[in-house]
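Participant: Sequence:
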Amino acid sequence: MKYRSLDKEDYKKLVFNTPLNTGLKTLFAPIDSVDEYKALAQMIKDARAELFELGQNIVNGAKEYPLNHVPIVFIIDHNSSSGGKFLRWRNQLRNRTGKYAWDQLIQDKNVPEEIKEALIALEKDRIAFNAQMSVMNFIYRQAKECAEKINEIEQLYQQGKNKGKV
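In terms of this note's numbering, the sequence shown has 96 at position 112, counting the first letter as 1, and numbering is strictly consecutive.
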């Protein structure tokens, strides 16, 4: 079985397609309450979790023939401070990035074309997935921070109102 790149049908299967569109409409409309920002953050968090399921499919594909014979490892990196997960290459010892090893495989004349083509397809999927996850993480973080800021200004306003009542 050859590695199959993601296509539009894979993305259409994601439930977040409709809610994300709604979320983006919310993002580009007036938002003035903590609850609206929290709802947006939750929508993005849910969408991010669904996107990760698609990423898991990419990782599973990397374990299939012909990619299961390459001397580098394709992993999910859980070290993101934003809570998102990214797809990374590592060397077999998992102590260094696999980009150097990946580059060598693509340039090695002894590596069969079938493996090179599968590696390139996988790398394109990895790049797109990581970009999408990064955007989700940014929106999620911004929605949470904005909710905190709105909460602060509302508290300041209430404190000001209470000072006037003696």
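Note that these hints are calculated values from the structure, not bench results. Ideal Cβ placement from N, Cα and C applies to all residues, glycine included. Don't take every hint at face value.
Calculated pairs, DSS-like style, for lysine-lysine (alpha carbon to alpha carbon, straight line, at most 30 angstroms) [unchecked claim]:
id	residue 1	residue 2
1	Lys147	Lys(-8)
2	Lys100	Lys47
3	Lys22	Lys145
4	Lys108	Lys147
5	Lys47	Lys29
6	Lys93	Lys47
7	Lys128	Lys22
8	Lys47	Lys108
9	Lys147	Lys133
10	Lys(-14)	Lys108
11	Lys47	Lys(-8)
12	Lys47	Lys22
Derived DEER-like restraints, expressed as beta-carbon distance ranges [claimed, not checked]:
id	residue 1	residue 2	range
13	Asp87	Glu136	39 to 49 angstroms
14	Glu132	Pro14	17 to 27 angstroms
15	Lys83	Asp(-9)	48 to 58 angstroms
16	Glu138	Val57	46 to 56 angstroms
17	Asp87	Glu129	31 to 41 angstroms
18	Asp16	Gln76	51 to 61 angstroms
Participant: Determine for every hint whether it applies to the structure shown.
Facilitator: Consistency of the hints with the structure:
1. Lys147 to Lys(-8): violated, 58 angstroms
2. Lys100 to Lys47: holds, 15 angstroms
3. Lys22 to Lys145: Distance of about 25 angstroms is within 30 angstroms: holds.
4. Lys108 to Lys147: Status violated; Cα separation ~59 angstroms.
5. Lys47 to Lys29: holds, 27 angstroms
6. Lys93 to Lys47: The given pair, whose Cα atoms are some 23 angstroms apart, holds under the 30 angstroms limit.
7. Lys128 to Lys22: holds, 7 angstroms
8. Lys47 to Lys108: The given pair, whose Cα atoms are some 16 angstroms apart, holds under the 30 angstroms limit.
9. Lys147 to Lys133: With a Cα-Cα distance of about 21 angstroms, the restraint between Lys147 and Lys133 holds, given a limit of 30 angstroms.
10. Lys(-14) to Lys108: Cα-Cα ~15 angstroms, so holds.
11. Lys47 to Lys(-8): Given that 30 angstroms is the threshold and the Cα spacing comes to 22 angstroms, the pair holds.
12. Lys47 to Lys22: violated, 38 angstroms
13. Asp87 to Glu136: 39 to 49 angstroms: holds, 48 angstroms
14. Glu132 to Pro14: 17 to 27 angstroms: holds, 19 angstroms
15. Lys83 to Asp(-9): 48 to 58 angstroms: violated, 25 angstroms
16. Glu138 to Val57: 46 to 56 angstroms: holds, 49 angstroms
17. Asp87 to Glu129: 31 to 41 angstroms: holds, 37 angstroms
18. Asp16 to Gln76: 51 to 61 angstroms: Given about 52 angstroms between the Cβ atoms, the range holds.
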